[in-house]
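Novice: The task is simple: from the sequences and hints, build the whole structure.
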Amino acid sequence: MLMEIAALSGACAAAIDSGRFEDWPGFFLDRCLYKVTTADNYEKGYQAGLIYADSRAMLVDRIAALREANIYERQRYRHIVGMPAIVDEADGVVAVETSFLVVRTMRDGEMMIFAAGVYLDKVRRDAAGAWRYAERIVVCDSQRFDTLLAIPL
Amino acid sequence: MDQSVREPPTGVWPAGLTRVPYWVYRDPEVARDEQTRIFEGSAWHYLCLEIDVPAVGDYRTTSMGAMPVVVVRTEDGEVVAFENRCAHRGSLICLDDGGRVKDFQCVYHAWRYDLRGNLTSIAFRRGINGQGGMPDDFRMEAHGPRKLRTAVLCGLVFGTLAVDGPDLESTIGPEVLVRLKRVLHKKVEVIGRFTQHMPCNWKLYMENVRDTYHASLLHTFFTTFRITRLSQGGGVMVGENGVAHASTTLAGAKGPDDSYAGMRADNQGFQLRDPSFLEAVAEFNDNINLQILSVFPGFILQQIHNALAVRQIVPRGVDSMDLHWTYLGFADDTPELRAMRLKQGNLAGPAGFVSMEDGAVGGFVQRGIAAADRETSVVEMGGATADTAETRATEASVRGFWKAWRAGMGV
Chain A
1 MLMEIAALSG
11 ACAAAIDSGR
21 FEDWPGFFLD
31 RCLYKVTTAD
41 NYEKGYQAGL
51 IYADSRAMLV
61 DRIAALREAN
71 IYERQRYRHI
81 VGMPAIVDEA
91 DGVVAVETSF
101 LVVRTMRDGE
111 MMIFAAGVYL
121 DKVRRDAAGA
131 WRYAERIVVC
141 DSQRFDTLLA
151 IPL
Chain B
1 MDQSVREPPT
11 GVWPAGLTRV
21 PYWVYRDPEV
31 ARDEQTRIFE
41 GSAWHYLCLE
51 IDVPAVGDYR
61 TTSMGAMPVV
71 VVRTEDGEVV
81 AFENRCAHRG
91 SLICLDDGGR
101 VKDFQCVYHA
111 WRYDLRGNLT
121 SIAFRRGING
131 QGGMPDDFRM
141 EAHGPRKLRT
151 AVLCGLVFGT
161 LAVDGPDLES
171 TIGPEVLVRL
181 KRVLHKKVEV
191 IGRFTQHMPC
201 NWKLYMENVR
211 DTYHASLLHT
221 FFTTFRITRL
231 SQGGGVMVGE
241 NGVAHASTTL
251 AGAKGPDDSY
261 AGMRADNQGF
271 QLRDPSFLEA
281 VAEFNDNINL
291 QILSVFPGFI
301 LQQIHNALAV
311 RQIVPRGVDS
321 MDLHWTYLGF
331 ADDTPELRAM
341 RLKQGNLAGP
351 AGFVSMEDGA
361 VGGFVQRGIA
371 AADRETSVVE
381 MGGATADTAE
391 TRATEASVRG
401 FWKAWRAGMG
411 V
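Residue numbers (my numbering), protein chains in the order written: chain A, 1 to 153; chain B, 1 to 411.
It is possible that some hints are incorrect.
Straight-line distance between alpha carbons at most 25 Å, and here's what the computed SDA-like set of lysine to any residue pairs gives [what the hints assert, rightly or not]:
1. A:K44 to B:L95
2. A:K44 to A:D54
3. B:K187 to A:D40
4. B:K187 to B:R126
5. B:K147 to B:E169
6. A:K44 to A:T105
7. A:K44 to B:F124
8. B:K186 to A:Q47
9. B:K147 to B:A87
10. A:K44 to B:L156
11. A:K44 to B:G99
12. A:K122 to B:R273
Counterexamples of contact, computed for chain B against chain A with all Cβ distances above 10 Å [said to hold, decoys possible]:
13. Q35
14. G41
15. G57
16. T61
17. K102
18. G132
19. L184
20. K186
21. T195
22. Q232
23. G233
24. A280
25. R338
26. K343
27. T388
In short, the hints are calculated from the structure, not lab data.
Every value quoted in this text rests on a predicted model; they were computed, and no experiment measured them.
By construction, the Cβ of each residue, glycine as well, lies at the ideal position given by its N, Cα and C atoms.
Specialist: Here's what the structure looks like:
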């Protein structure tokens, strides 16, 4: 099970890093929660996120907006994702925590550590038996974001 | 072109408000002067929310330009502020974002201050065993961090180093004050805090905030879903002194609108799968669905549908700034309204569908003007004045920003 969940995590990161953004919502269940927040906000219990989606359709919309509407300079991410640690398991829902590091490379070659933090995930199997995210809270260690957050973490 | 415009880097300012020389965003001397004349000068600066310091001894650290500031609730309930700098050797007095204290003690040599920033004790003042210590004629009351004059308005704490000068409300002016009170009419609650670093001079971001002309052109999301189009009703008000502005957009008509036909921003084919996050309630009992308000130099109040936020500009060098976002709800929000705010949060902030571009566009200008110290921008949309207008197809409010800046700088 751990390896299957790790494979889900790796495949999700690979979809983003290789620019296959349209594949990314497919790693989530129809009804899900995806939120990008920070350690400080998380610890204080502040509910808002930089990105806050409570359906897979909202994730599809975010990708559509990135493709069709939003303006940002060409850039790519490289996720380094740790091995998930299982923290809880009940009724088919597995809670895992996974560290991540994202390096952002801009079109002119400038690279920076764009984000580091932990994914707080709840995963379960969908109707077809595949592991999918029911919840992914992206808790970034820093509250300071450079320029803009276009591509999801 | 007038030859005087082409004298870099700090030549004579062009006549009127319609030309801005690009050196103003690049010259380190200008940045130093701004710190003295504006941030430590006559302007009022947003510091924090009043709810950040609810009880006696609660403090929050913030800044006025480069100057570190601590805001505190005193024993008599007053909100005061002083420079976050020990009077001894200059160390920060407070090291965290906030907290609750009985008094303040510098970590370096344990000099102590009361909640108003008065120096109250000095470690080893009398020395040890009759040796060392401070001179007998050392007067503690003559030493202390600089104190600010503060004002609390609608739950916002502002401060200034100007001892006299106009009060905050008259600086903002009656017209914009009404717009401020419209939004902040009851107790707020923080629902998120984020910082967005922008690779640009701070003035480029404030110009962007004041620029009612760009929003529906740069931000496709706005236009396509008719959150704001210039062809919708609304307008911009600019205070007499240029210090405050408020722009409003009225709820849009549903009929066909071809005023953007052919422009990139008019992307009629773009449809949302889950438009639930655009559901909004008219919580201010009017038909204004978007209001952006600013107070020179660095305060912004945002109402985009039910997404409320205050933003604070903190310059970090001539081509770098931080924007501190505080997302707000009201303390009496229903769970449904709060859920709406969380989803509408997708519109604003560093990842906002309609505002992420604002984080980048200042950098595009900063890089674009890298060799343009002898050139100026053109700020002529809607004429040459900085007056309140019934349209947003104007740069009146940007001109108002420069009116306030030039008054502050004495240029």
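Novice: Please confirm whether Q232 of chain B is truly not at the interface, meaning its C-beta sits more than 10 Å away from all C-beta atoms of chain A.
Specialist: Non-interface label on Q232 of chain B holds, nearest chain A Cβ at 18 Å vs cutoff 10 Å.
Novice: Run the C-beta distances from T195 of chain B to all of chain A and say if the shortest one exceeds 10 Å.
Specialist: Since the minimum Cβ distance to chain A is about 4 Å, T195 of chain B lies within 10 Å and the statement is violated.
Novice: Are K187 of chain B and R126 of chain B close enough, with their CA atoms no more than 25 Å apart?
Specialist: Violated, at roughly 49 Å.
Novice: Determine whether the non-interface label on G233 of chain B survives the test: each CB of chain A must be over 10 Å from its CB.
Specialist: holds, 24 Å
Novice: K122 of chain A and R273 of chain B: Cα distance at most 25 Å?
Specialist: holds, 24 Å
Novice: Since K186 of chain B was said not to touch the interface, does its Cβ keep a gap of more than 10 Å from each Cβ of chain A?
Specialist: Given that every Cβ of chain A is farther than 10 Å from that of K186 of chain B, nearest at about 19 Å, it holds.
Novice: K187 of chain B and D40 of chain A: Cα distance at most 25 Å?
Specialist: holds, 23 Å
Novice: Would the least Cβ to Cβ distance between L184 of chain B and chain A come out above 10 Å?
Specialist: holds, 18 Å
Novice: Any Cβ of chain A at or closer than 10 Å to G57 of chain B, or is the non-interface label fine?
Specialist: holds, 19 Å
Novice: Hey, K147 of chain B versus A87 of chain B, does the alpha-carbon distance stay inside 25 Å?
Specialist: Holds, at about 12 Å.
Novice: Need the status of pair K44 of chain A, G99 of chain B: alpha-carbon distance at most 25 Å?
Specialist: Status holds; Cα separation ~13 Å.
Novice: Measuring Cβ to Cβ, find out whether K102 of chain B lies farther than 10 Å from everything in chain A.
Specialist: K102 of chain B clear of chain A: closest Cβ-Cβ about 23 Å, beyond 10 Å.
Checked against the numbered hints above, the structure violates hints 4, 6, 7, 21, 25, 26; every other hint is satisfied.
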